[in-house]
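Could you build all of it, start to finish, from the sequences and the hints given here?
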Amino acid sequence: MQHRKYLIRLITIFSVFCLLVLPCCKSDKSREKKKGVDLEDFLSEDEIFDDIDKAKKIFYSLPSPLETAMLIKSAGAEYDEQLLNSLENTRNYTSNKSLALNLGIYTTDLSFASLFDQTQTSIKYMEAARTMAEGLDITDAIDDETIRRLNDNLNNRDVIMDIISETFLNSSSYLKENDRPAVATVVLVGGWIEGLYIATQLVGDDNIKGNKLVDRIAEQKLSFRIVQRMLADNLKDQSGKENKDIVELTAELEPLKEAFDRIKVETSEIKVEPDEESKVATLKSQTKITITPEVFKELRVTVSNLRSNFVQ
Amino acid sequence: MKRILQVLFIIIFIASVNPFVSAQCKGFAKKICKLELIPFIHDGNYHAAILTEGEEAELYKTFYSGQDYRIAVCGSDALGAIEFQVIDGYKNVLFDNREHNNVRLWDFKLESSQQLKINIKVPVSTGESEYPASGCVAIMFGFKEK
Numbered sequence: 001m002q003h004r005k006y007l008i009r010l011i012t013i014f015s016v017f018c019l020l021v022l023p024c025c026k027s028d029k030s031r032e033k034k035k036g037v038d039l040e041d042f043l044s045e046d047e048i049f050d051d052i053d054k055a056k057k058i059f060y061s062l063p064s065p066l067e068t069a070m071l072i073k074s075a076g077a078e079y080d081e082q083l084l085n086s087l088e089n090t091r092n093y094t095s096n097k098s099l100a101l102n103l104g105i106y107t108t109d110l111s112f113a114s115l116f117d118q119t120q121t122s123i124k125y126m127e128a129a130r131t132m133a134e135g136l137d138i139t140d141a142i143d144d145e146t147i148r149r150l151n152d153n154l155n156n157r158d159v160i161m162d163i164i165s166e167t168f169l170n171s172s173s174y175l176k177e178n179d180r181p182a183v184a185t186v187v188l189v190g191g192w193i194e195g196l197y198i199a200t201q202l203v204g205d206d207n208i209k210g211n212k213l214v215d216r217i218a219e220q221k222l223s224f225r226i227v228q229r230m231l232a233d234n235l236k237d238q239s240g241k242e243n244k245d246i247v248e249l250t251a252e253l254e255p256l257k258e259a260f261d262r263i264k265v266e267t268s269e270i271k272v273e274p275d276e277e278s279k280v281a282t283l284k285s286q287t288k289i290t291i292t293p294e295v296f297k298e299l300r301v302t303v304s305n306l307r308s309n310f311v312q
Numbered sequence: 313m314k315r316i317l318q319v320l321f322i323i324i325f326i327a328s329v330n331p332f333v334s335a336q337c338k339g340f341a342k343k344i345c346k347l348e349l350i351p352f353i354h355d356g357n358y359h360a361a362i363l364t365e366g367e368e369a370e371l372y373k374t375f376y377s378g379q380d381y382r383i384a385v386c387g388s389d390a391l392g393a394i395e396f397q398v399i400d401g402y403k404n405v406l407f408d409n410r411e412h413n414n415v416r417l418w419d420f421k422l423e424s425s426q427q428l429k430i431n432i433k434v435p436v437s438t439g440e441s442e443y444p445a446s447g448c449v450a451i452m453f454g455f456k457e458k
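Chains L and D, in that order, give the protein sequences. Counted from 1, the first sequence has number 248 at position 248 by the numbering used here; the numbering is strictly sequential. Just add 312 to wherever you are in the second sequence, counting from 1, and you've got the numbering used here.
Note that these hints are calculated values from the structure, not bench results. Idealized CB from N, CA, C, for every residue including glycine. Keep in mind that a hint or two might mislead.
What the hints assert, rightly or not - Which bits of chain L does chain D cover? Going by a derived footprint, with three or more residues having C-beta under 8 Å, they are: (1) 132–141; (2) 199–207; (3) 219–233; (4) 282–295; (5) 298–304.
As the list claims (entries may be wrong) - For the chain D half of the interface with chain L, some residues (derived, Cβ under 8 Å), not all of them: (6) F352; (7) K373; (8) D400; (9) L406; (10) E423; (11) Q426; (12) G439.
Put into structure tokens, the structure is as follows:
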């Protein structure tokens with residue numbers, strides 16, 4: 001009897017220890033990387049903290065759907081609803097990959113519509129994003145309360161943007177904290193490609209010289225390197241098994257790599273200019289972008305083909 | 313046997329309500345760190361993890377010309393002030409919060425688009441605790457509508 005009591009106590013202490021301590025120790029160790037896996041030539045090793053034995057956690061950040069839409073708008077783009085993914089397509093998406101890609105795509109469309117005060121369209125695209133999130137079993141990212149808040153704040157763009165930002169945060173944190181970082185990556189790639197699609201279509205056959213939107217598009221070459229690293233990072237799961245969706249997506253993006261390889265983006269060193277009054281520092285530098293009309297056309301066609309495959 | 317089942321029930325109950333088990337750093341990022349971004353708009357991305365003192369992390373992101381950005385780097389109370397540096401492709405340190413009273417924020421704008429790296433380090437405490445402290449660290453970005 002005494003022995004049994006002792007056993008129960010032991011199990012209890014051990015279990016509580018596991019519950020409280022192990023999650024803290026988890027620290028994403030499995031996803032941590034040693035120094036020296038930096039981005040190609042641009043971001044080579046540095047020894048800022050001079051602590052080479054420490055494992056590091058690496059994050060890659062792509063422009064979110066909201067930032068993507070903002071970048072398009074701030075480059076002087078016009079709103080064109082015809083470019084958004086049709087809402088009727090929602091029923092076509094059943095696989096994890098297509099649901100994830102289109103969660104990103106519909107969220108970028110939603111952000112784009114919201115920034116141009118297309119309130120009714122925004123609500124419809126929020127519903128579409130909700131359908132994608134539910135298909136991926138992401139609970140509580142977008143619920144009835146989200147739609148109600150959106151409806152109640154149709155004339156308040158700041159609140160609408162906060163709602164969009166929060167729903168995206170809910171989805172991505174849910175996926176990452178439930179050991180589905182690959183799905184979170186596919187969502188981001190879908191949203192980023194949609195931004196690229198909208199931007200390249202808006203330029204159309206216009207003269208590309210001096211076009212701010214074309215510069216924005218060419219600069220995406222920098223983010224494409226991050227896309228490649230994110231995909232490479234998620235190619236295998238924690239058990240070492242290849243992720244089929246990531247393998248497929250990597251292959252699908254190969255023509256985009258070829259198109260970006262033909263664009264040259266050169267940046268100079270940065271000089272920081274602090275402003276004591278506004279407390280906003282200005283990073284002074286120059287960027288030289290080299291892109292020909294032929295290369296731009298090739299990029300536009302490549303992005304369009306890719307996006308057609310994603311939304312079909 | 314009944315007692316063992318009772319214990320198992322308690323364990324399952326704790327697991328279902330324990331914030332460390334179910335939520336990890338989401339709540340910290342959303343309810344604490346995100347507030348640091350006001351009046352900037354959070355981009356919606358989630359970059360957070362549990363780090364232990366002495367541990368480091370790196371984040372790579374492209375920042376675009378003409379946009380106003382805010383970086384917020386926050387750590388939970390169990391950790392000391394998180395150190396962070398912003399570094400360009402030429403390995404120049406553009407900002408080091410240790411030179412600015414360990415502030416959690418940095419506001420900046422760019423004349424041209426650049427890929428930057430943010431280096432983060434959880435300082436080692438000078439306390440006498442036998443075990444290193446662990447806690448959530450979040451890196452969040454905000455921008456302003458143009």
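A quick look at each hint next to the structure:
For a cut-off of 8 Å, the count of residues in the segment 132–141 of chain L with a CB near a CB of chain D stands at 0, and the three-residue condition is violated. A stretch counts as covered by a chain when three or more of its residues have a beta carbon under 8 Å from one of that chain; for the segment 199–207 of chain L and chain D the count is 0, and the coverage is violated. With 6 residues bearing a CB less than 8 Å from a CB of chain D, the segment 219–233 of chain L meets the requirement of three and the coverage assertion stands. Judged by the Cβ-Cβ criterion of 8 Å, the segment 282–295 of chain L is covered by chain D as claimed, because 6 of its residues qualify and three suffice.
Counting residues of the segment 298–304 of chain L whose beta carbon lies closer than 8 Å to any beta carbon of chain D gives 0, which falls short of the minimum of three for the stated coverage. Among the interface hints, the one on F352 of chain D is violated; its C-beta lies about 10 Å from the nearest C-beta in chain L, farther than the 8 Å criterion. Taken as an interface hint, K373 of chain D checks out: its beta carbon lies about 4 Å from the nearest beta carbon of chain L, inside 8 Å. With its C-beta approaching chain L no nearer than about 5 Å, D400 of chain D sits inside the 8 Å limit, and its interface hint holds.
For L406 of chain D, the interface hint holds, since its Cβ comes within 8 Å of a Cβ in chain L; the closest pair sits about 5 Å apart. At about 5 Å, the closest approach between the beta carbon of E423 of chain D and any beta carbon in chain L falls short of 8 Å, and the interface hint on this residue holds. Because the smallest distance between the Cβ of Q426 of chain D and any Cβ of chain L comes to about 6 Å, under 8 Å, the interface hint for this residue holds. The interface hint given for G439 of chain D is broken, as the beta carbon of that residue sits about 17 Å from the closest beta carbon of chain L, more than 8 Å.
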